[in-house]
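Student: Each chain, written out:
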Amino acid sequence: MTEALEAFRLETRDWLRANCPPGARGPGEIHSGSTKLSFQPDTIAWLESMADRGWTVPMWPEAYGGAGLTLEQTQVLYQEMQAIDARLPLVNMGTRMLGPTLLEYGSESQKLRHLPLIARGGAAWCQGYSEPGAGSDLAGLTTKAVLSGDQFVIHGQKIWTSGAQNADWMFCLVRTDPEAPKHQGISFVLLPMDQPGVTVKPIRLISGSSPFCETFLDGAIAEKSDLVGRLNEGWAIGKRLLQHERSGQGGLGPAPARSRPVGVTIDLEMPEVLNRYATDPAQKASQRDAVIRWQMRSRAFQLTQARMGQEVRDGKTPGAATSMFKLYGASLAQDKQSLTAELMGTQGIGWEAAGFTEEEIGATRSWLASRAVTIYGGTNEVQANIIAKRVLGLPD
Amino acid sequence: MQAVLSEDQMQFKQVIARFFDTHSTMPAVRRLSETETGFDPVVWSELSETLGLPGTHLPEEYGGHGFGPTELGIILEEMGRTLYCGPFFSSAVMAGYALACFGDEAAKIEKLPQIAAGTTRATLVLDDLNHPSKVGRLIKANQAGVLTGTAPIVLDGGSAQAFLIVAREPAGLGLFELSPTSPGVEITLQESIDMTRKIARLTLQSAPGLRLGSVTEQGLYQFWDLISVALAHEMIGGAARLLNDTVEYTKGRYQFGRPIGSFQALKHRCADLLMSLEFAKAATHHAGFCLAAGEETTIYPSMAKAMAADCFMDMARAAIQLRGGIGFTWEDDTHLWFKRAKCDEVLLGAPYQQRARMMDILQEAQDVA
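Line order of the protein sequences matches chains A and B.
The numbering of the first sequence is the numbering used here, which starts it at 1 and goes up by one.
The numbering of the second sequence is the numbering used here, which starts it at 1001 and goes up by one.
Calculated directly from the structure, the hints in this document are not laboratory data.
Computed from a prediction, not measured in an experiment: that's the story for all the values here.
FRET-style restraints, in silico, Cβ to Cβ: (1) B/Phe1263 - A/Ile203: 29 to 39 Å; (2) B/Pro1170 - A/Ala83: 53 to 63 Å; (3) B/Gly1324 - A/Thr142: 35 to 45 Å; (4) A/Asn232 - B/Phe1263: 32 to 42 Å; (5) A/Pro22 - B/Phe1263: 50 to 60 Å.
In silico lysine-lysine, DSSO-like type, Cα no more than 30 Å apart, as pairs: (6) B/Lys1251 - A/Lys239; (7) A/Lys389 - B/Lys1013; (8) A/Lys182 - A/Lys239; (9) A/Lys182 - B/Lys1251; (10) B/Lys1251 - B/Lys1339; (11) B/Lys1342 - A/Lys284.
Idealized CB from N, CA, C, for every residue including glycine.
Pulled out of the complex, with its shape left as it was, chain A reads as follows:
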């Protein structure tokens, strides 16, 4: 380790210890940037002090609200945050998905308008991609945008828009040339959610919660200046954003371990579940084996991530391999929930009842919710198609 990096570590350590409020440590609330939600005072204070240093998005350039840190510095920052159990100050689709895409494809004025706001946690974003008729076949989308003067007028319906009810902005794929082949008539636009043409309706899910919405666009307006890239050339940008999404879901790139998706870092939880529910000696051997099989896959997944992470550091960008992480990470997370649910036995069927602990009900809800992970962000089957085509070179 170089001296400069070590100096950075010490300075970071001191600053974090002095500035991370108690309410931003340990498990708890993370700011989403939404202007429609209220947050605890410590959550807000933590966001503000981190944003002042550009540390909500440490690797972005300073001009756009970041701190221009190197990857090594960012890792040091996250290690030091972990050391004091500090939560991330801000997590949303702006920091994880739209931001990196705008850095790559946005115009200078778009970057200056949107990125600093994202970095400060001043806006939450949602993703207008899927439609009732365009799921796995995303390029079949029909939401239409027509240019009228300096504005696009948009008609159509989006679905599975995560967090739309609390979002301030949407990045959206729209059809701008209905005559062109389907991949060539799509544009990537940004639009505010608070306008008469946008209606949001939450969808109740299998677990009872409603993290996803239907979003109806009836004459919604996007400014022409919020067209990212060129007209009818939005498909490539939209796909690039999906790679950022998958690498986030697969845990690639620097991030504190805790902020990674469920199932990726948790190694000790399974033995805990075993100790609690695998108490009958006659059954212990088969329960142990089920758990160790999962553990092996989980560890190997982490090791592969570490290896690919090293390769990303060596200058390769996350490409088709992100599909491997999305697919495998999702399966691992889902299998873990299923295994936990199986080991809980009949203690795992309570929805809301006195005979079940809060933890058991939580685990059951998570098991139900986990059906979604192998579907959203591109189903496992679609990921397998991408791997077969792009990595193995199998023909269409």
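Fit chain B to the supplied structure of chain A, relying on the hints for placement.
Tutor: Just chain B, lined up with the frame of chain A:
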């Protein structure tokens, strides 16, 4: 801790790959698998004299090159990829590591340089090749080092020039040496399903052994980890080759007027196999890095052996299935890989045994913590 191979190691890998691409072609493998000794002495002396491979992982003070499990793993990965036929695993890996781990100073000084140079093709006789806890139940040594008992499976037992033997002594386990021509030694060739790795049965009746050192229980487990990780590398090499060849086959085989690799059922199976390979590879390389860093008693050697075995076996099953009818013929090469995969899967412990060991290590770590 290393996460990826270094530049030097990558270059070494290329040299090794070229050598085995040239010297272990499928026609050569076919030819050798039909012979009794199962190896080509010319290739053996070339890999020993020109490349010095048998001494790669052995200490420099005993004639080795002083590299570690990672470099040895690179060699085995390439051997696995080309289905190399020869006594490298039995002599350099098993006998070499056994002598390095258990031999007395004098024994190491006298014997190890020959194994490192490849001038002596030794093999290690273990009376059980499934689990370290079972070693020493069948072969016993008396106070005078006279050996009696049977080893059902000895790798390259028919062609080895020296036997190193782990035997039960009145107190503990010891390492002994015997010549194949010593009195009381009976070698019976055994036919294995894997024609690319020869085996024999060894029966000892009051055979006079030379004691080379002591084998502690902990030492035996550590030795087992070393050879298991080496074998895991061979398996991922084989699995990678099978995946590559199988994918190519599905691109070139036409049915219904299109390459069968364009059908989604096959695409998804291949994608699954690729992931299984990537993860087994990560586990295996990491196990090598851990051993190279001197980390003892971690879950990784067992995990690598288990995952590599499952991966290789899955891959071999798929290689037959995706080839259709030709896949289960004698003429097609796939059965040679399938049989190697099966033998590697159980050699040194089947996946369920590896998983049991992992769980023991994890739970012990938890109890301590």
